[in-house]
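Enquirer: Residue strings, one per chain:
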Amino acid sequence: MKINVFGTNISALVCAGCLAETGNQVVLVGHRENDRSEPGLVKLLDTQIDTGRLTISNNYDVESDYQIISFDSGQCAEGKLIAKELAQGKNPNRCVIIRSNFTMGTVKEIEDLSQIDCVINPDFASDGQAILGFIRPDRIIIGSRNNESLKRFKRLFAPFNRTKNVMIEMSPESAELTKYATNAMLATRISLMNELALAAESLGADIEEVRQGIGSDNRIGFCYLYAGIGFGGTHFGEDLTRIQKIINPSDAREGLLEAVIRTNEQQKQALFRKVWQHFDCQLEDKTITLWGVSYKANSNSIEGAPSLELIKAFINQGSTIQIFDPMLDCNFMIWMRENLSLEQQKRVQTVTEMYDAAKNSDALCVVTEWQQFRSPDLEKLKTLMKTPMILDGRNLYDKEWIEENQFTYYGIGR
Amino acid sequence: MVKRIQQMINTSAYSNLNQLSHAAKERHLKALFEKDSERFNHFHVQMDGLLFDFSKQNIDADTLDELIDLATECGLTDWTEKLFSGKKINHTENRAAWHTALRDLESPPPEVAKQWNKMEALVHQVHSQQLRGFSGKPISDIVNIGVGGSDLGPLMITHALDKDKPSYAPDIHFVSTLDARQLQKLLQTLDPATTLFIVASKSFSTIDTLSLAETAKTWLQQYAPSELAVMRHFIGISTNPVKMTEWGILPEYQLLFWEWVGGRFSLWSTIGLSIALKLGMSGYKEMLAGAHAMDQHFKNTPFDKNIPVLLGLIGVWNVNFLDLKAQAILPYDSRLKYFASYLEQLEMESNGKRTHRDGTEVSHRTCPILWGEVGPNAQHAFYQLLHQGTERVMSDFILFAQGQALSKRSKFHQNLNIANCLAQSRAMMIGQASEDLHKNYPGGQVSNTLLLDQLDAYHLGMLVALYEHKVFVQSVIWDINPFDQWGVELGKKLAIDILEHIETQSTEQLDSSTAGILKNIWKQNNEN
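Protein chains in written order, with this note's numbering: chain A, 100 to 513; chain B, -12 to 515.
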């Protein structure tokens, strides 16, 4: 079947690659630029381009059987522009699939402009696991009112629905809200755990033990139940705000979901507060180490990352910062230029070896859960650091082990 | 050659004005409008951003000429020169009153510029959420502890310009009363981890302010882990760095001003920190720029076109020649809720005096009682007295040409507001005769109208500086020192004495009224 996939984000690239892999003729109407940060994506795309089933081009056929819109959530205007062009097509069997997480109402506008009933199929895969999420999804949500479109969609996605049927049909509105609601639910769980972590700290409890206790309750489950230094990225915050606006358009009182965002923003600075209190509000001459900048492991994305809030906080108190992140790239340098003064930038040093970042340091903040941070050489760290202190933003370590090695240990909620 | 400067009652203008006042007392205000259809054109002046209409004053061209002569004979030009050049014109305290230097953005004194930089850094830290309390959370609430000039100016301005507050600015609260009820109520709603106190006191020894600051410190000590952590929550603003350090204010949290800044003129100094925290340094400097524009107008404009000079002289005419008893301040904009209380201090603490500069007693009236309220509310409160009471009162109506928004409802409210302002000044002027005396309005109540383009930092700075210079003009005519306030000292001294009596439960040597009241209080407290 002939398919156009519109978009340039990871979701679009994965969709185009996977559909080419199942034998379709796919045109990616966009370009490759984010493929390196997603595990397996470079290989997938290269292979499919070599077979000739995947091409990347700005030219596309409006008569193709499937038109898949996979722009970023903020690109509603681009979506509408494509819709207008599709309206010129004559193929009566075309199927328009919207995988973008657009603002509520955009899909209706796209249907009006293109004169085609759309199928909404939200993408739930998270970055870092996008390919697996596409080929082995735990559910495929389909929002449509048109039986013909539904049939065509099911035909295309049949190869990814083999073990058991995971397709769930619903109205387009419900499909849109399901996407928002999933993110809102996950984000709320995280902020709730972070609030409970504060209670744990006050009571001398360990939130990790509490997590085991509550996660084993079937009604609760273990997923997204970690206390930490807050979620990053843009999707959670965006969807929380969207639902909040639907519930409370006047914005007069703070609702639950706004509180979730506020709690999360505060949580991003949790490690700063611990260091600040440890040194009695005096950080002017201190050297702080950050292990990890990206907002999650196996990604170079720093959007909304807690590390950025930490860097700003420490730098504004006059500290010096030494940073190691395995995927640190130019987006961090751009961020520094835009957010720090020249004098402040001079106090931020990035290194390419994780132990180099700990030299003469007064505090080691573990910010991202990269695998290589999980089992550090404590003897080496102790020799390198000025003050042996570890702040474990992801609760990666056995607290007793760290303390037995004469380090001061601060986790989240323990 | 030293110019001979006369006291008001010895000038020839004074005699002439006295003559003119007889006819003025006989005529009705509305007759002046009937006689001259161009009266508005003859009796209003303008500067950029501000129109001053004094056509509804009981005044004619001859009176105006004589008033201007009076200013000349009293040496206003010389005094203005001394004011602007920082001469020690507050002679009873041997100080200058150089607040005009605080708003000279182009060439400020170096010490002023240095404090602006320090303010700017603090404001930036707060606005970027990087000024931290003991827990490491950013400061979200500011409590200004100060009284008099350290309270009224910043309170009035920050309230008026609340809508200009950017989203990243903290919430600002003011406490001043030494009974601590305001403070205690506020503390119940604030998070100690994110609250910063500004302790604003010129001497850093005012008991009102320092007692409240101690209460705030005690509150923080319950939560903060160390004394250093507690002091992360206090900014001091004073002329006395030694006292600030003694109290524990950290050097980087100390802001200075100088003895040549009078308390009621101090909002232009670092005392305006709360204003800068609300509006940003740029908003604060806009306010200074507006005041500076008024300074330039006052300094460089001939008396007959000079708004502060005319405003002051008309006040003198009304008080000393027409014997009017009080001054009402009636802003037609709810954002100016605290403007009248601000002017109460500015005018009455400055010119509520009965001694000439040479130490002799004055033989004429000086500052009238001043009060006021937001116009539309006052209409339902004390306007009855203005329309039908026996007191002859002068009023200042203050109006802004631009409304708050462009929506249809906003425009309607703005038009309603303008209509009411103009209707009230007209009703007071023209009156309405009726055979039923209950419904008879004598009219003839005089008023000024100040029309400003809009209410923003610039125009508000201009308005405040206008009244400052008006007060100064009147002080020159009355030959009194507007910059001291010895009158407030006696009460402070007696309070210390009475506090000792209370603490020892003794009424010895107290007058029978004081003793009687104290005994009743003690009786009640013992019963409870």
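Honestly, the hints are just simulated from the structure, not real lab data.
Worth double-checking, as some hints may not be accurate.
[Claimed, not checked] Think about it this way: if two alpha-carbon atoms lie no more than 25 angstroms apart in a straight line, the pair counts; the simulated DSS-like pairs of lysine-lysine are:
#1 B:K479 - A:K411
#2 A:K445 - B:K150
#3 A:K344 - B:K150
#4 A:K344 - B:K105
#5 B:K150 - A:K411
[Stated by the list, open to error] If you want a taste of the chain A side facing chain B, the calculated C-beta under 10 angstroms gives, among others:
#6 Q311
#7 I313
#8 W375
Built from N, CA and C at the ideal position, the CB exists for glycine as well.
Enquirer: Give me the numbers of the hints this structure contradicts, sorted from smallest to largest.
Expert: Violated hints: 1, 2, 4, 5, 6, 7; rest satisfied.
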